[in-house]
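**Q** With chain A's structure known, arrange chain B on it following the hints.
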Amino acid sequence: MFSFLTKKKTDKKDNEPEIKEPVINEEQKNELYKQIKELEENLLISSGEDRIKILNTLGDIFFQLQETDQAIQYYEKSIEENRTLGKAYTNLVKLYNIKRREAARAKDDERLQHYLNKMDMLLKMTKDEIRGL
Amino acid sequence: MQGIIPSIEAINGQAMNQLGLGSQIAFTFLAIFIVNIVIARFTKWKYIFLTGQAILWMSTMCTVFGYFAGFRGLTLIIVGGVIGGIFAVAMPAIAQPFVRKITGSNDIALGHFCTIGYLFEAWIAKLVGDPSKSVEDVKLPKSFEFLQDTYLSVMVVMVPLYLVTAFFAGPEFGAQFSGSVNYLVHAFLQAIQFVVGVYILLSGVRLILAEIVPAFRGIAMKLVPDAIPALDCPVLFAYSPNAVIVGFVTTTIGTVIAMFVLPSFGLAMILPGMLTNFFAGGTAGIFGNVAGGKRGAIIGGIAHGIFITLLPALLITILNSLGFVNATATDVDTVAAALLYAWIITPLMELF
Chain A
147 MFSFLTKKKT
157 DKKDNEPEIK
167 EPVINEEQKN
177 ELYKQIKELE
187 ENLLISSGED
197 RIKILNTLGD
207 IFFQLQETDQ
217 AIQYYEKSIE
227 ENRTLGKAYT
237 NLVKLYNIKR
247 REAARAKDDE
257 RLQHYLNKMD
267 MLLKMTKDEI
277 RGL
Chain B
3 MQGIIPSIEA
13 INGQAMNQLG
23 LGSQIAFTFL
33 AIFIVNIVIA
43 RFTKWKYIFL
53 TGQAILWMST
63 MCTVFGYFAG
73 FRGLTLIIVG
83 GVIGGIFAVA
93 MPAIAQPFVR
103 KITGSNDIAL
113 GHFCTIGYLF
123 EAWIAKLVGD
133 PSKSVEDVKL
143 PKSFEFLQDT
153 YLSVMVVMVP
163 LYLVTAFFAG
173 PEFGAQFSGS
183 VNYLVHAFLQ
193 AIQFVVGVYI
203 LLSGVRLILA
213 EIVPAFRGIA
223 MKLVPDAIPA
233 LDCPVLFAYS
243 PNAVIVGFVT
253 TTIGTVIAMF
263 VLPSFGLAMI
273 LPGMLTNFFA
283 GGTAGIFGNV
293 AGGKRGAIIG
303 GIAHGIFITL
313 LPALLITILN
323 SLGFVNATAT
333 DVDTVAAALL
343 YAWIITPLME
353 LF
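One line per chain: the protein sequences are A and B, in this order. Be aware that the first sequence starts at 147, since it is given in the working numbering, and climbs by one per residue. Be aware that the second sequence starts at 3, since it is given in the working numbering, and climbs by one per residue.
Bound-form chain B, shown alone:
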């Protein structure tokens, strides 16, 4: 059995360092911005995707899977830019009917590449729930204090994971890797190293995005003054704080169920990613609540957790063949873009 960590940061880090795709990812990132502006400027879909980090993850997946499909150089960047750019407009557009219902207006859109998961939850919620019985009528705690520190929440998952695995592997097997250090101490240090790695990578990403994104959005907003800005998922949190909490809890339950169930279908064991569960799960909860009320948000949330674990699991074989070690992507729209490359574009490329 193979255990996989859902971490787009790890994929990004490996793609930049091991595969040497750093500059292609950066140019694809720029190309996605440009295609997004062109579509918004000249078509009826006026969505400008303003979540820089999400675009970086999309450009990572488009570059990696475009490379896998056989694209190189300028073609790799142009194809990635077009596919990523279409996603940057299409995802806010397909979520907009629900966003309109949630916000009561058409002023803002949702710019978060987990939209397919949100729609999946809304669809399930609509089937099983009743939107008139809102989760907002129930009294729930207002915050998640254990998620106060992003890296602490990553550590909460990683340390037990490494320690439990090392414990079951035993001291003899562990000694092969730990040398003179106690095998459990070594496992603990490895877990901390992972958390520190994510911290360093995200700090770098934020530093670069802080330089690029303001310039881009300034240009985008001037070229498309009547744009509908597609903003990061917390933009919806204030509309339905209880649904965020229900969404997080139920999505986590779903990811834990999927973690144990998927291996019995021959798929890898995907560990729950607490940050994705919080942000994507919380937002999905709002969609579930607006489509199917309390019941819809609960059942839809569990289904959402299973769904966002299943999609990344489908990528594992390809990611492994590309040299990625025990990691998979998280945001389901980026996974969908990757599957589009793997299941449609790559076979087409092989024909020519």
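Only chain A is shown next, with the shape it has when bound in the complex:
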């Protein structure tokens, strides 16, 4: 139905929601896990800006590893402790969207609404932050 309006399967420019992270091999993965271990240890003794930097780096690494739940957890903690606009916000939107898509495919309405609401909250926080609230 309506096949004349649909895009040819070979052309994916507009409809390519998947994040194109570079594929990482086993060796790189092990290296990243090693980094995570070190950073998590440092996190326990760090404070201030250093702590935020570590939280964001942990979020970045888990994002690279496509471990979305852990990445979300670290970015959310980073924003909770320091609301300055930056990568934590921009990556969180992408991560919530990945979770939203997973929930939609699984037809899990509750989880779908949960992540849509999280996106709303993040937009509100962005708005508040730039208005100095």
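Worth double-checking, as some hints may not be accurate.
Quick list of in silico lysine-lysine cross-link-like pairs, DSS-like style, CA-CA up to 25 Å [as the list claims (entries may be wrong)]:
{"hint": "1", "chain 1": "A", "residue 1": "K253", "chain 2": "A", "residue 2": "K199"}
{"hint": "2", "chain 1": "B", "residue 1": "K103", "chain 2": "A", "residue 2": "K233"}
{"hint": "3", "chain 1": "B", "residue 1": "K141", "chain 2": "A", "residue 2": "K199"}
{"hint": "4", "chain 1": "B", "residue 1": "K224", "chain 2": "A", "residue 2": "K240"}
{"hint": "5", "chain 1": "A", "residue 1": "K183", "chain 2": "A", "residue 2": "K223"}
{"hint": "6", "chain 1": "A", "residue 1": "K253", "chain 2": "B", "residue 2": "K103"}
{"hint": "7", "chain 1": "A", "residue 1": "K183", "chain 2": "A", "residue 2": "K233"}
{"hint": "8", "chain 1": "B", "residue 1": "K103", "chain 2": "A", "residue 2": "K245"}
{"hint": "9", "chain 1": "A", "residue 1": "K240", "chain 2": "B", "residue 2": "K103"}
{"hint": "10", "chain 1": "A", "residue 1": "K223", "chain 2": "A", "residue 2": "K253"}
{"hint": "11", "chain 1": "A", "residue 1": "K253", "chain 2": "A", "residue 2": "K273"}
These are computed hints drawn from the structure, not numbers from a lab.
**A** Then chain B, alone, in the frame of chain A:
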């Protein structure tokens, strides 16, 4: 000379109360959602517009101008739904090349009916600027504290506006309206009444949208699981906070220039709307910066301010003839939809 307040809320309020178009607007709102889902489900454009408030403003404009074109009943709703639904997919789609550049991915889209203005700014910025010299390399204040309260920022514009106008009109003329109350006090109270009116209207709108939108987007996302969600403009703010500030300031300068220049071309005097300048101006600044860097964002921002004042000014005559009092729409895509009705659909309707 006629002074006009750019307030889509005022248009919505008048359309619902004075013109009695409340139920048609609500049904058009629903029709836009449905058309958006149908287009996203069956075509290559997978954008689902998730900014409920913006869709309400679009349905308001489609209903009002459809009514003006002569549509009634079900036809009014279907035509409005189709036009609004096409806008809900087309606007994120045309902004997407820039959004991809800003976000570095194709995961999310921009769902804000000011897109034509953003593209206009990007076009100007591209002509005059250099994208390698980003505004993000400059140190700027990080927030606008005076915009902390939406209604306070509306009041900041409205109170001086009413007071200055009343002052120039003088006590004798003012007394015709103020009765036994001092004419300046009366003007102040009228300004506050406007702000309170906007507050009540927006509270009601939020209450209704909070009920409808979650249900809609749940259905939309299940029917189109690979949808690209078109989100409200703050989704881009974190990518380029300096550009938001530059965009706001330059758009405001542009709207002030247009306020004084447009009347000399026989158009109405449109007062700057601080909230539109902040949200649309800020987002336009991001587009200007990505297309033309610092210089592009500044010059493009001023041009954007003039552009978003000019388009609503073109609507005034029609809005006045429909009975709208001294108000015009703000979001330029909704204005474009209204002009589509006024300049193309209405003349076509008159032929048949």
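**Q** Going straight from one Cα to the other, do K253 of chain A and K273 of chain A come out at no more than 25 Å?
**A** Status violated; Cα separation ~31 Å.
**Q** Is it true that the CA of K224 of chain B sits at most 25 Å from the CA of K240 of chain A?
**A** holds, 18 Å
**Q** Quick one, are K183 of chain A and K223 of chain A close enough, alpha carbons at most 25 Å?
**A** holds, 18 Å
**Q** Between K183 of chain A and K233 of chain A, is the straight-line Cα distance small enough, at 25 Å or below?
**A** holds, 22 Å
**Q** So if I understand the rule, the pair passes when the alpha-carbon distance is 25 Å or less; does K103 of chain B with K233 of chain A pass?
**A** Holds: K103 of chain B and K233 of chain A sit about 15 Å apart, inside 25 Å.
**Q** Hey, K223 of chain A versus K253 of chain A, does the alpha-carbon distance stay inside 25 Å?
**A** The given pair, whose Cα atoms are some 28 Å apart, is violated under the 25 Å limit.
**Q** Is the hinted pair K141 of chain B and K199 of chain A satisfied, with a Cα-Cα distance of at most 25 Å?
**A** holds, 20 Å
**Q** Are the Cα atoms of K253 of chain A and K103 of chain B separated by 25 Å or less?
**A** Violated: K253 of chain A and K103 of chain B sit about 31 Å apart, past 25 Å.
**Q** Holds or violated: are the alpha carbons of K253 of chain A and K199 of chain A at most 25 Å from each other?
**A** With a Cα-Cα distance of about 36 Å, the restraint between K253 of chain A and K199 of chain A is violated, given a limit of 25 Å.
**Q** Mind checking the alpha carbons of K103 of chain B and K245 of chain A for me, to see if they're no more than 25 Å apart?
**A** The given pair, whose Cα atoms are some 23 Å apart, holds under the 25 Å limit.
**Q** Can you confirm whether the C-alpha distance between K240 of chain A and K103 of chain B stays at or below 25 Å?
**A** It holds: about 15 Å lies between the C-alpha atoms, which stays within 25 Å.
Violation of the numbered hints given earlier is confined to hints 1, 6, 10 and 11; the remaining hints are satisfied by the structure.
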